[in-house]
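> Chain by chain, the residues run as shown.
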Amino acid sequence: MPKPLLIEIGCEEIPARVVGPLARQFAENLNRHLKSAGLAEQDGVAQWTPRRLIYLNDEVAEWQPEREEEILGPPKKVAVAADGSFTPQAVGFAARNGLPVSALYWQTTPKGDYVAAKRKTGGGAAPDLLGALIPQALLEIQLPRAMRWDDSGVRFIRPIRWLLACLDDQLVPFQIGKLKSCMESRGHRSLGAARFPVSRCTNYPHRWQDNGVIPDPAQRRAQIEQKAELVRRDEDLLDTLVNLTEYPDTITGEFDAAYLGSLPQDVLVTVMRDHQKYFAVNDDSGNLAARFVAVINQKGDPRGLIRHGNERVLKARFSDAQFFWEQDRKMGLGERLALLEQVTFQVKLGSYRQKSLRMRALAEWLAKQWQGQGCDAGVAVIAAELAKCDLTTEMVKEFTELQGIMGGHYARAEGQPEAIAMAIADQYAWDAPPRTLEGAAVSLADKFDTIAGMFAIGEIPSGSADPFGLRRQANGIVRTLIEKALPLSLSQTCYRALAGYALQADSAALANFFRERLFFYLSENGRWSRPLVAAVLAAGADNPLDAAARCRAVASAPEAAAVAAVVKRARNIVRKENWTGTAVDPSRLTASAEEALYAAVKGLDRADSDYAAELAAIGGLAAPLEQFFAEVRVNDENPAVRANRLALLAWTVERLTRIADFSEFAAG
Amino acid sequence: MTFQDLVRNLQAYWAEQGCILQLPFDLEVGAGTMAPESFLRVLGPDPYKVAYPQPSRRPADGRYGENPNRLYKHLQFQVILKPSPEDVQDLYLRSLEAIGIDLGAHDIKFEEDNWEAPTLGAWGLGWQVMLDGLEITQFTYFQQCGGQDLNPVSCELTYGLERIAAFLQDVDSIYDIRWNTAVSYRDVRFLDELHHSLYNFEKADVARLWDTFNGNEQECRDLLVQFRQLPATARGRFPLLAAYELCLRCSHTFNLLDARGAISVTQRVDMIQRVRSLAVGIASAWMQQQHPIAEVTGA
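Sequences listed follow chains D and H, in order. Just so you know, we're using the working numbering here: the first sequence kicks off at 4 and counts up by one. Just so you know, we're using the working numbering here: the second sequence kicks off at 18 and counts up by one.
No wet-lab data here; the hints were simulated from the structure. Careful: at least some of the hints might be erroneous.
Quick look at which bits of chain D chain H covers, simulated, 3 or more residues with Cβ under 8 Å [said to hold, decoys possible]: (1) 151 to 163; (2) 286 to 300; (3) 321 to 333; (4) 343 to 357; (5) 435 to 444.
The C-beta atom is built at its ideal place from N, Cα and C for all residues, glycine as well.
From just these sequences and the hints, can you work out the full model?
Next up, the structure:
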């Protein structure tokens, strides 16, 4: 008869950003161990609060099923004596396993015959087995940063303070460090009993709720959402607050409406969201209101004390921000360039002043690449040089997440043209590509400069290690180029960026790094299939916009599959027959099928990059190629004819794989 | 509750918990942790419990006494509990009740905040304690200090006294805090803030500060070299506490130079490293001198 199992690991407050993943890992580990021990077929679920990791499984067997397994002893030649009796080795094997010699038999294996026996395993009582499984499942959790708190040697994310484990109404005894499991839990710090007894699993969750704890994060989330309807949706903030509270409630506070006019809204929202963990609130017409919603770990605020306290803190924060906004504007962005010399970009790569000069040069070069699209190099140059100046403002020192955005506000406030302000404001552009082409030039100059510099000093991302977030920066580059329809050679730009440092970097490593990012972008969310993207990138990955255009064309070309087969065949011949790299000579073409193929391939040559039309034409080549294979023998006795035929095939393959390497496509 | 009652109540509460009541350390420190009662006492195996108010000086934070929330010199209340007690969070929460905070009527959250002091080679994990959205305490389980792994682990509680007093008295400016019933924080401290802001930002003699930094650093290093050259049996009477004070003087001088804008990018990294190497050298020497057995066994 299966029984319910409840486990609660009681901790001091676990960081909000990791508590959910840790609880899930714990549950996955338990599910795995319970299954392999034969104790549970169904998976249990994870719940959590800041102070507890909880695991629930409705059906855990009381007894482990018995299993019979075969164990092998010594090989036959060692186990049997000349007279046919068992040797001491064989007798010892039986004794070690608690079996009579009469239970032994011979088993044939690929390595020869061995003495063997059947042994019964399992049959253990669930509480005994669980007592070993639970500590294992807990200590196997991968922790972002572990700590010690006593001399037991146990390391965990934060100190563990109580352990509850019951199988229905029975204690599961186990120990972690100095702590023993018990049938007791603890209530909310001010809404419940310090400790309360748990007599059986069915006490969960109502006994917890009686003690001011809502153990189910989904229920806490619903409780916050229900009480705070007017807030601006912010899933990250909501998650954080669900994980910071055992019993969430909300209060609505107010601030002086004058700040709505006297400070940029980006500042107000950032202070509320990032620094105070408040939701910003919209008024009926969708504008920012002079109110906020705070989530508290408490039931109500009947005297308004909590509201008053939070309003006081926000008032001080806004008053600081107002002071910074007034002070910072006393110095122009241009004057701040000198201050950038004091700000480190990277120890080995110098100051932000040096970076701003390199960005200026690179942005100018980028803007000139896109002159035809209407990119104004004059704007890009000024914006690039001033882009990092806001790092020296008091506002950005205090509210670092506003870098770039504040630069835009200060540029506008000092009367810079709107185009410059926007380009500065959009330089980081994590959520969406920059709004303007000049913004794209500044943003890309910054990112290429960082990536090239870091590669030059060997700070290359590998595995999960990417301390400078270079992958994210390269993702931003790829996305901006494609979504803003900007052609660019990645390798040339890297070369330019490195020239700004007068440093060298491994260009193959850079190309690989960008190719991976481009592959990620093009295949992300199933935009295009991975084999298709691989085929397209095999034909060139240096210009993301062009690669995207080729993906689009190939994906909608019905000819692709037909061409793939013949291209593959042609390439195999070229490889196998050792084409020496000579060019095709039309005067040496003899057979009509060769001449037809030559004419068809030559007909492909067109100056524009209308990939759809070219693919249609390529589709038309399947027939002459088939005909060539059917009628022409490449291995002619005359070496000159043979060489020319190989050259024709090689040229054909080269021309056919300029959009995508179809042989890769077929292989995929 | 007046400012001085706040200090007295915290002292009374922690004295009841068995803490030694220390007086503030009398050199400039940028954080209470740098006081020897914290930095050196957490090293080695011996249990220790201490509580003391400690002025913390951060020259770059000065605002000429004009900003209602920022100070060049603010007061921390430091508690070191070694080893960290099992009920340390409850002990802490009861200290809030001891200063008149009704936990049932307020919102308390322990939010992740991991503390690191690069110049001290020290780090720990813990929280900032939020009271109705206001950070009132830094709560840290020290893991390393002066580059030494700590065993046992100490808990450090650092209360921000001005913030807590302003909250309790419901005043918008630190300067309006009542120090006692007759005298305000402004009366006691305004000139201190003004004069030191003027000095730190405008008058401090950069060339002399460099001399001070270099001189103190050199002397501290010389002392550490002398210590290491002594045979183990002769190290017991070596003045490491004096060497530590030289290291603290370097740290404060570095902060002054920084406030004067006299430190370039490359120098900055280099100087943090220089101060850190003094602190790490002293912590290691301290272990050899005071805890030779723990030093060898890692106990």
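> A separate judgement is required for each hint: does it hold in the structure or not?
Verification of the hints:
Given a C-beta distance limit of less than 8 Å, the hint that chain H covers the segment 151 to 163 of chain D holds, as 6 residues qualify and 3 suffice. Counting residues of the segment 286 to 300 of chain D whose CB falls under 8 Å from any CB of chain H gives 3; the rule of at least 3 is met. For the segment 321 to 333 of chain D, the assignment as covered by chain H holds, since 3 residues bring a beta-carbon within under 8 Å of that chain's beta-carbons and 3 suffice. Residue count for the segment 343 to 357 of chain D with a Cβ under 8 Å from a Cβ of chain H: 7. That meets the three needed, and the coverage hint holds.
Given a C-beta distance limit of less than 8 Å, the hint that chain H covers the segment 435 to 444 of chain D is violated, as 0 residues qualify and 3 are needed.
Against the hints set out earlier in the document, a violation occurs for number 5 only.
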